[in-house]
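Peer 1: Spelled out from the first residue to the last, the chains are:
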Amino acid sequence: MTKVGVVTFPGSLDDGDAREAIRFLGGEPVRLWHKDADLQDVDAVILPGGFSFGDYLRTGAIARFSPVMQGIRRFAEAGGPVVGICNGFQILCESHLLPGALIRNRSLRFVCRWVDIRVESPVSPLTAGVKTGTVLRVPVKHGEGQFVASVEDLARIEGAELVAFRYCAPDGSVDEVANPNGSAGSIAGIRNERGNVVGLMPHPEHAVDPDLGPVGGEPLLVSLLEHCMARAGS
Amino acid sequence: MTDEEYQAVVGTLGREPNRTELAMYSVMWSEHCSYKSSKVHLRTLPTEGPQVLVGPGDDAGVVDIGDGMAVVFKMESHSHPSAIEPYQGAATGVGGIVRDIISMGARPIALLDPLRFGPLTDERNRWLFGGVVAGIGGYGNCIGVPTVGGEIAFAEAHSANPTVNVMCVGLASADGLVPSRADGEGNLLVLMGATTGRDGIGGVSVLASATLEEGGEDNRPSVQIGDPFTEKLLIEACLELIEKGLLVGLQDLGGAGLTCASSETAARAGTGVDIDLDAVPLREEGLEAFEILTSESQERMLAIVSPEQLGDVLNVCREWGLHAAVIGSVVGDGMVTARKDGEVVAVVPAKSLADEGPEYERPLSPMPAPPAATDPSTLTVSLREAFFEVLGAPNIASKRWVFEQYDSIVQGGTVAGSGGTDAAVIRIGGSGRAVAVSSDGNGRYGALDPYLGAAHAVAEAARNVAVTGARPLAITNCLNFGNPERPEVMWQFAESIRGLSDACRAFDTPVTGGNVSFYNESGGSAIWPTPVIGMVGLLEDHRRAVPASFPQEGLAVYLLGETQPEFGGSEFADVVLEEVAGTPPALDLAKESALLAVLQEAAGAGLMASAHDCSSGGAAVTITEACIAGDVGVTVELPGDQLTALFSESASRAVVSVASGDTMAFEELCQRHGVPAAHIGETGGFGIAFVGAFGVTTAEARTTYETAIPNLLAG
Amino acid sequence: MGFAGVEDVRVGKHIELTIEADDEAAALDSVRRIAEQVLSNPVIEEYRILESEATGR
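Chains as they are written, first to last, in the working numbering: chain X, 49 to 282; chain W, 69 to 783; chain S, 111 to 167.
One chain only, chain X, in its complex shape (with noise of 0.2 Å):
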């Protein structure tokens, strides 16, 4: 079985939840602390929501020197699937593993809200195994999602096919109105050239269970479990 290590930070908030929605897909969850740099053999690791050391100075930016973001580091330099939701993508862009930076929503509120969101490229273990051009829904929850990067960065993410996903309307066009924080070019998750680490603000975790609500986040992690069990294979 698929083992994806969720790591749990103090203040870690939706890492339950990651783990939850891991086991209804069929795959192996397993808990990883943030004192353990050894990732116990996983096949893919997610850093979840939450508000890790309380995020008093900056989203992400204690929890990026925690010993697990050691193990993850050689994890992901090594290849491994590494998928940042919410907190986790903050905590991805502070470790310089994603390029750009999460602020403020422009709003300056928290927002709590299903929104949609398109697949751009296929070059991930979220979207491997879904069409691009997907339209999913998916809650966001956050109140620092507004992803901005430099002139240059942003040219970069754009010109080498970075952005994983944008806000959209349901029908797949992007704009403003559909962008829940402002981001810059309405970019709801990114990639790493290499492909193999992605964050995302919005939360696939919550959107598997049909009990609870829509599922748009099932394709995305059905996506991460068989692109390990590929990974496995190969």
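These are calculated hints, taken from the structure and not from any lab test.
None of these values were measured; they are calculated from a predicted model.
For every residue, glycine included, the Cβ atom is placed at its ideal position computed from N, Cα and C.
Just so you know, not all the hints are guaranteed correct.
DMTMM-like, lysine to aspartate or glutamate: derived pairs with alpha carbons at most 25 Å apart [to be verified]: (1) W:K419 / W:D401; (2) X:K83 / W:E308; (3) S:K123 / W:E311; (4) X:K83 / W:E387; (5) W:K467 / X:E192; (6) S:K123 / W:E352; (7) X:K83 / W:E589; (8) W:K467 / X:E224; (9) W:K312 / X:D84.
Among the chain W residues that face chain X by a calculated CB cut under 8 Å, a handful are [unchecked claim]: (10) G212; (11) K300; (12) L301; (13) G389; (14) A393; (15) Q473; (16) Y474; (17) D475; (18) S476; (19) I477; (20) Q479; (21) T482; (22) V483; (23) D609; (24) R611.
With beta-carbon atoms standing in for the labels, derived distance ranges [stated by the list, open to error]: (25) X:L105 / S:L138: 18 to 26 Å; (26) X:D219 / W:R452: 27 to 35 Å; (27) X:D219 / W:T189: 37 to 45 Å; (28) S:L138 / W:K312: 43 to 51 Å; (29) W:D609 / X:Q118: 40 to 48 Å; (30) X:E76 / W:G752: 44 to 52 Å; (31) S:L138 / W:E411: 43 to 51 Å; (32) W:D609 / S:G122: 50 to 58 Å; (33) W:A673 / X:T182: 37 to 45 Å.
Using the hints provided, position chains W and S relative to the given structure of chain X.
Peer 2: Just chains W and S now, kept in the frame of chain X:
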């Protein structure tokens, strides 16, 4: 503290209290902690039933939901601090109520925040509203507990004194509850969590025990500052300690701080405690004994631990990065003894502090009868205009601006959360069961008739739970009132208690606890008597939870209950006639019980596609909300006089949609319970058509409904 | 809110560090490294080191 209260202390101690002891008594015997004005009335409430595992008097109430599981819940007020510093006042309210739930041994699974403000046309009210909502979100979103509900209302009477109530629901195993008792001589007191500082010395207890007058901002230092990150660590550490069976007892530190936690746990166990104040981790140097004993620094819990398990307890705290210090031990003499710098600084009987506070039977005097209501048929506006006025009234309009600032989905249990539902539905992992939770109160009804206002609040809460298909189990409450030393206010309180009692008895939903918040007034002008009810219900199968919105086209729409011309205290009277006058709608508790039974049975049999409580704003609003949330049109023909049919707020009604194959069974069920069920129309079409009155498109209704509050906030 | 004449607003964090080092230059060097690597994120923030004061410990 009054002279008589001081003399009572001297009588108990057999000597004059020293300064430290006096400080301990003055916080513990404050209105906030001792319930001295309300106790005689609270005793008349029904508190027992087979479902009740823990009733009033503990940190929170507990009800049995079967399968060895228990729901723990409690509501509290944080109005006074929020009036001074809205963000921190509301944030620390959330923190406090969450700790009440943890201290029973339960994992917090849901928060609800009933709020009352003055009109948003006023700038200060907008500041209070924005600050309170941001504070609730800022704290709740950081601790991983979903905020799933809480109704919001606006009225001039709440301008000077906003009402900020917080409710938390938790889940525990019925045999894993942790007592808030300091049992076992020789056991150790372990203080966990944040360090103790000067912030909030006598904060809640002092603030909430007197009225705020001009210049209340000077009280800002009395408002505590919240640290949700530490709270999250406290939650996880406490739950791990409970799961590992390492605790003898557990209590949170809230109002009156260490004095309250130590004396209450000792009094409950019939023991005493010996506390070494030098062992309390301090945030700053030089705190005096009375400051350490009464500080209301947030995010602290007191654990009672056996010496053999101390090592394991400290290890768990260390793993979570949480301060933990042994600050004393349980003793057998029944006294709270505090030492500092090697000397005894206070020795007082625990029971005297915790249980033997003063008790007053304050004078009552009925308030003057409210003004007579205008006859609504003299109205000159059209039904259509009146409809848009009511739909866009802040009390009715969408609260999206608020609930989108709350994380309502964390923990993966929210079947129905904020927005478009009458009650939140939270499934209980793995069991298939779910709890339905609602908070309700109706200020206008209470202002016109406090007895009916309270009874209506219970009835609406029960109905809101029942429309989801759940069986109402029990209530908690927060009773928000003015100055109890005024006979009129005390009469309102007594009448409200009478209304609560009657309704709770009728629905078999006992009171498991709650909170009384007095002194919500300034300059002689009190808030409306506002009893807020938090109702918990049980759904056997969360997949049978009934939504409030119309799910599809082609369904038969029914209006259950009887409609009379009852406009007293209605939303229509408030916004169209611009008055709060007359008498509130009548409430027949037997008819309400019959409706509750129909809703539960119909849901259990899968006969209802949707069910929505019909209350504020009348049937017009109920039907429109079901259309907007479901994005489905409707054509209905309401019987009788259209003004009454659309806007009357007659009690004990609901709007239900039923699939065509189920209508006969549904009608038969209603008939069996004696509940009138009028088949008023069908779902479908582009708009909302009230045949014989007017029609609107769903889009224009949505625009009015969704933009009203953002427009007001834009100034 | 009734405050006129405000043309621009900047919000920042003021962080005080006490450093043990051989001399002022070494202390400033550690402060600079801490500021770059932990206290600020160059993508969205910039930092300035304001002043130093020897405590003589």
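Peer 1: All hints, please: hold or fail.
Peer 2: Here is what the structure says about each hint:
About 11 Å separates the Cα atoms of K419 (chain W) and D401 (chain W), which keeps this hinted pair within 25 Å; it holds. At roughly 18 Å between alpha-carbon atoms, K83 (chain X) and E308 (chain W) fall within 25 Å of each other, so this suggested pair holds. Proposed proximity of K123 (chain S) and E311 (chain W) is contradicted: the alpha carbons are some 41 Å apart, above 25 Å. Restraint check: the Cα-Cα separation between K83 (chain X) and E387 (chain W) comes to about 9 Å, which is no more than 25 Å; the hinted pair holds.
Only pairs whose Cα atoms come within 25 Å are accepted, and K467 (chain W) paired with E192 (chain X) is accepted, the gap being roughly 22 Å. About 23 Å separates the Cα atoms of K123 (chain S) and E352 (chain W), which keeps this hinted pair within 25 Å; it holds. Under the criterion of a C-alpha separation no larger than 25 Å, the hint pairing K83 (chain X) with E589 (chain W) is inconsistent with the structure, at around 51 Å. Distance check on the hinted pair: K467 (chain W) and E224 (chain X) sit about 23 Å apart at the alpha-carbon level, within 25 Å; holds.
With a C-alpha separation of about 22 Å, the suggested pair K312 (chain W) and D84 (chain X) falls inside the 25 Å cut-off, and the hint holds. For G212 (chain W), the interface hint holds, the least distance from its beta-carbon to any beta-carbon of chain X being 4 Å, beneath 8 Å. Interface restraint check for K300 (chain W): the shortest CB-CB distance to chain X comes to about 6 Å, inside 8 Å, so the restraint holds. Here the hint on L301 (chain W) is kept, as its CB sits about 6 Å from the closest CB of chain X, short of 8 Å.
The closest approach between the C-beta of G389 (chain W) and any C-beta of chain X is roughly 6 Å, which is under the 8 Å cut-off, so the hint is satisfied. Because the beta carbon of A393 (chain W) sits about 19 Å from the nearest beta carbon in chain X, more than 8 Å, this interface hint is broken. Proximity of Q473 (chain W) to chain X holds as hinted, the smallest CB-CB distance being about 5 Å (cut-off 8 Å). For Y474 (chain W), the suggested interface contact is upheld, since its CB lies about 6 Å from the closest CB of chain X, less than 8 Å.
Using the Cβ-Cβ criterion of 8 Å, the hint placing D475 (chain W) at the interface with chain X is satisfied: the shortest such distance is roughly 5 Å. Checking S476 (chain W) against chain X: minimum C-beta separation of about 6 Å stays under 8 Å; hint holds. Taking 8 Å as the C-beta contact cut-off toward chain X, the hint placing I477 (chain W) at the interface holds, the least distance being around 5 Å. A hinted interface residue such as Q479 (chain W) counts as satisfied when its beta carbon comes closer than 8 Å to some beta carbon of chain X; here the least separation is about 7 Å, so the hint holds.
The beta carbon of T482 (chain W) comes within 7 Å of a beta carbon in chain X, closer than 8 Å, and the hint placing it at the interface holds. Hint status for V483 (chain W): holds, given a least beta-carbon distance of 6 Å to chain X, under 8 Å. The closest approach between the C-beta of D609 (chain W) and any C-beta of chain X is roughly 11 Å, which is over the 8 Å cut-off, so the hint fails. At its closest, the beta carbon of R611 (chain W) sits 6 Å from a beta carbon of chain X; the interface hint therefore holds under the 8 Å criterion.
Here the CB-CB span from L105 (chain X) to L138 (chain S) is close to 21 Å, well matched to the stated 18 to 26 Å. For the pair D219 (chain X) and R452 (chain W), the beta carbons lie near 33 Å from each other, so the given range of 27 to 35 Å is met. Checked against the hint of 37 to 45 Å, the pair D219 (chain X) and T189 (chain W) passes, with Cβ atoms roughly 38 Å apart. L138 (chain S) and K312 (chain W) have their C-beta atoms about 49 Å apart, which keeps the hinted 43 to 51 Å range intact.
Here the CB-CB span from D609 (chain W) to Q118 (chain X) is close to 47 Å, well matched to the stated 40 to 48 Å. Distance hint check for E76 (chain X) and G752 (chain W): the Cβ-Cβ separation is about 47 Å, which falls inside the suggested range of 44 to 52 Å. A hinted range of 43 to 51 Å for the beta carbons of L138 (chain S) and E411 (chain W) is consistent with their spacing of about 48 Å. D609 (chain W) and G122 (chain S) have their C-beta atoms about 54 Å apart, which keeps the hinted 50 to 58 Å range intact.
For A673 (chain W) paired with T182 (chain X), a C-beta distance near 39 Å keeps the hint of 37 to 45 Å intact.
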